[in-house]
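**Student:** Each chain, letter by letter, is given below.
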Amino acid sequence: MGDFTKFGDFQFDVLREIGNIGAGHAATALSMLIQKEIDMKVPQVKIIPFDEVADCVGGAETVVVTVFLRVEGDCPGNMFFILDLDSAKHLLEQITGINKDVYEWEELEISALHEIGNILTGSYLSSLADFTQLNLQPSVPALAVDMAGAILSYGLIALGQAGDFALTIDTAFFEGNDQVKGNFFLIPDPESLPILFRSLGVPFDGDY
Amino acid sequence: MEIIKIGMADLGVAKPPSKLRTTGLGSCVGVVLYDHIHKIAGMAHVMLPESSLAKSGELTIGKYADTAIPHLIQLMVKAGAETRHTVAKLAGGAQMFAFLGNNDTMRIGPRNVEACKLALKDAHIKIVAEDTGGNCGRTIELDATNGILQIRTVNQGVKEV
Numbered sequence: 001m002g003d004f005t006k007f008g009d010f011q012f013d014v015l016r017e018i019g020n021i022g023a024g025h026a027a028t029a030l031s032m033l034i035q036k037e038i039d040m041k042v043p044q045v046k047i048i049p050f051d052e053v054a055d056c057v058g059g060a061e062t063v064v065v066t067v068f069l070r071v072e073g074d075c076p077g078n079m080f081f082i083l084d085l086d087s088a089k090h091l092l093e094q095i096t097g098i099n100k101d102v103y104e105w106e107e108l109e110i111s112a113l114h115e116i117g118n119i120l121t122g123s124y125l126s127s128l129a130d131f132t133q134l135n136l137q138p139s140v141p142a143l144a145v146d147m148a149g150a151i152l153s154y155g156l157i158a159l160g161q162a163g164d165f166a167l168t169i170d171t172a173f174f175e176g177n178d179q180v181k182g183n184f185f186l187i188p189d190p191e192s193l194p195i196l197f198r199s200l201g202v203p204f205d206g207d208y
Numbered sequence: 001m002e003i004i005k006i007g008m009a010d011l012g013v014a015k016p017p018s019k020l021r022t023t024g025l026g027s028c029v030g031v032v033l034y035d036h037i038h039k040i041a042g043m044a045h046v047m048l049p050e051s052s053l054a055k056s057g058e059l060t061i062g063k064y065a066d067t068a069i070p071h072l073i074q075l076m077v078k079a080g081a082e083t084r085h086t087v088a089k090l091a092g093g094a095q096m097f098a099f100l101g102n103n104d105t106m107r108i109g110p111r112n113v114e115a116c117k118l119a120l121k122d123a124h125i126k127i128v129a130e131d132t133g134g135n136c137g138r139t140i141e142l143d144a145t146n147g148i149l150q151i152r153t154v155n156q157g158v159k160e161v
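Sequences listed follow chains A and B, in order. Take the first sequence: its letter number 106 is residue 106 in this note's numbering, and every next letter is one higher. Take the second sequence: its letter number 147 is residue 147 in this note's numbering, and every next letter is one higher.
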């Protein structure tokens, strides 16, 4: 357990491709929602200590808007859709016409972002399910506006029982003029990786 | 003045004028100990309640309440503290996503708090202040000079206990 030494370049490539396909579909959905072009960065697949996971979005204390959902089914894991505060504000404005700072948000604003997160993570996961032919059942998503460290550590609990490192598939996206940018994080549970690889016919004989 | 950063599943001890700090506590619990006579401070960033949850042989001591707290006490005693003068404060243990509360993994915050209390009780250390539960992240800083614990949250600003 917690042994990543059996990961070769090929396995990393496959995981990057998973991020590519999932986030690609989500970015298309987002682009349709806001009627603007969305660009995506090459997915980062990293095996990192828990402490450094939050660094990918600006550090443990950075306040972010996050839609979180738990994936159950054949390949359990955690999924996060993370926006910085300005991006969340811009996104909200572009979709609903509401122009309010995060501290003025009420039920309507929260609910709108919740739904946006729901649509985007849903398209990420359904494309992943199509691609792998695995049964993935997302939970009802939850939304939180808080410190990135506090939020992301939630997705690390299951991994904490097996090791000190997390495997994260992180895909950043941005709108042309950088008004909206954010990240999709998929953090598979330790036991999910062999299943994921097997579903794609990728040779993998190690424990994760 | 030096600020010593305590990472996730980590622990450490400090003497004046240093401070101990850990950031972004969600369902994790920040346990701080302070001996006000010898002015020795300790902090642990506990992630899970029990080491029996560990699935592999290798154990990170600072990760579990039932291993981190005894080890932190040992380190403090080694640094010159006495347990009879030592008191504890707790912060964290939130449920960041409240309505997912049925699942056991998702209820980890309250379970972490309970486990920390149990471990402190076993060590006969009194808890003098607590800011736990709720659904917000916390950053905490313990001043080794006076044992004051500063707790910062996004919505409620800074408070000291």
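In short, the hints are calculated from the structure, not lab data. Heads up, a few of these hints could be off.
One-sided and incomplete, this derived list gives chain A residues near chain B with beta-carbon spacing under 8 angstroms [to be verified]: (1) G24; (2) A54; (3) D55; (4) G58; (5) A60; (6) V63; (7) F68; (8) G73; (9) D84; (10) D86; (11) P138; (12) D146; (13) M147; (14) Q161; (15) P194.
Mimicking DSSO-like on lysine-lysine, the simulated pairs with C-alpha atoms at most 30 angstroms apart in a straight line are [to be verified]: (16) B:K121 - B:K15; (17) A:K46 - A:K181; (18) A:K100 - A:K181; (19) B:K55 - B:K159; (20) B:K117 - B:K19; (21) A:K46 - B:K55; (22) B:K19 - B:K55; (23) A:K46 - B:K39; (24) B:K159 - A:K100.
Quick caveat: nothing in here was measured; it's all calculated off a predicted structure. Idealized CB from N, CA, C, for every residue including glycine.
**Student:** Against each hint, give a clear statement of whether it holds in the structure.
**Tutor:** Taking the hints in turn, this is what the structure says about them:
Violation of the interface hint for G24 (chain A) is found here, the shortest Cβ-Cβ separation to chain B being roughly 26 angstroms, above the 8 angstroms cut-off. At about 6 angstroms, the closest approach between the beta carbon of A54 (chain A) and any beta carbon in chain B falls short of 8 angstroms, and the interface hint on this residue holds. The interface hint given for D55 (chain A) is violated, since its Cβ lies 11 angstroms from the closest Cβ of chain B, which is over the 8 angstroms cut-off. Evaluation of the G58 (chain A) hint against chain B yields a violated restraint, the C-beta minimum of about 11 angstroms exceeding 8 angstroms.
Contact between A60 (chain A) and chain B, as hinted, is supported at the beta carbon level, the nearest pair being about 3 angstroms apart and thus within 8 angstroms. For V63 (chain A), the interface hint holds, the least distance from its beta-carbon to any beta-carbon of chain B being 5 angstroms, beneath 8 angstroms. Taking 8 angstroms as the C-beta cut-off, the interface hint given for F68 (chain A) holds, the closest approach to chain B being about 6 angstroms. This hint is violated: G73 (chain A) has a C-beta 14 angstroms from the nearest C-beta of chain B, more than the 8 angstroms allowed.
Interface restraint check: D84 (chain A) against chain B, minimum CB-CB distance 14 angstroms, threshold 8 angstroms, status violated. The criterion of a C-beta within 8 angstroms of any C-beta in chain B is not met by D86 (chain A), whose closest approach is roughly 16 angstroms, and the hint is violated. Annotation: P138 (chain A) was flagged as interfacial toward chain B, and the flag is violated, the nearest CB pair being 12 angstroms apart, outside 8 angstroms. With a cut of 8 angstroms, the hint placing D146 (chain A) at the interface with chain B holds, because the nearest CB-to-CB distance is about 4 angstroms.
With 8 angstroms as the threshold, the beta carbon of M147 (chain A) comes within range of chain B, its nearest partner Cβ sitting at about 4 angstroms, so the hint holds. Below 8 angstroms, beta-carbon pairs count as interface contacts, and Q161 (chain A) has one with chain B at about 5 angstroms; its hint therefore holds. Among the interface hints, the one on P194 (chain A) is violated; its C-beta lies about 15 angstroms from the nearest C-beta in chain B, farther than the 8 angstroms criterion. With a C-alpha separation of about 24 angstroms, the suggested pair K121 (chain B) and K15 (chain B) falls inside the 30 angstroms cut-off, and the hint holds.
This hinted pair checks out: K46 (chain A) and K181 (chain A) have alpha carbons roughly 20 angstroms apart, not beyond 30 angstroms. Only pairs whose Cα atoms come within 30 angstroms are accepted, and K100 (chain A) paired with K181 (chain A) is accepted, the gap being roughly 18 angstroms. A C-alpha spacing of about 38 angstroms is found between K55 (chain B) and K159 (chain B), which places the hinted pair above 30 angstroms, so the restraint is violated. A distance of roughly 23 angstroms separates the Cα atoms of K117 (chain B) and K19 (chain B); the hinted pair therefore holds under the 30 angstroms criterion.
For the suggested pair K46 (chain A) and K55 (chain B), the alpha carbons sit about 22 angstroms apart, so the restraint of at most 30 angstroms is met. Our distance criterion of 30 angstroms between C-alpha atoms is broken by K19 (chain B) and K55 (chain B), whose separation comes to about 34 angstroms. Between K46 (chain A) and K39 (chain B), the direct Cα distance comes to roughly 41 angstroms. Violation of the 30 angstroms bound is thereby established for this hinted pair. With a CA separation close to 27 angstroms, the supplied pair K159 (chain B) and K100 (chain A) stays within the 30 angstroms bound.
The earlier numbered hints that this structure contradicts are 1, 3, 4, 8, 9, 10, 11, 15, 19, 22 and 23.
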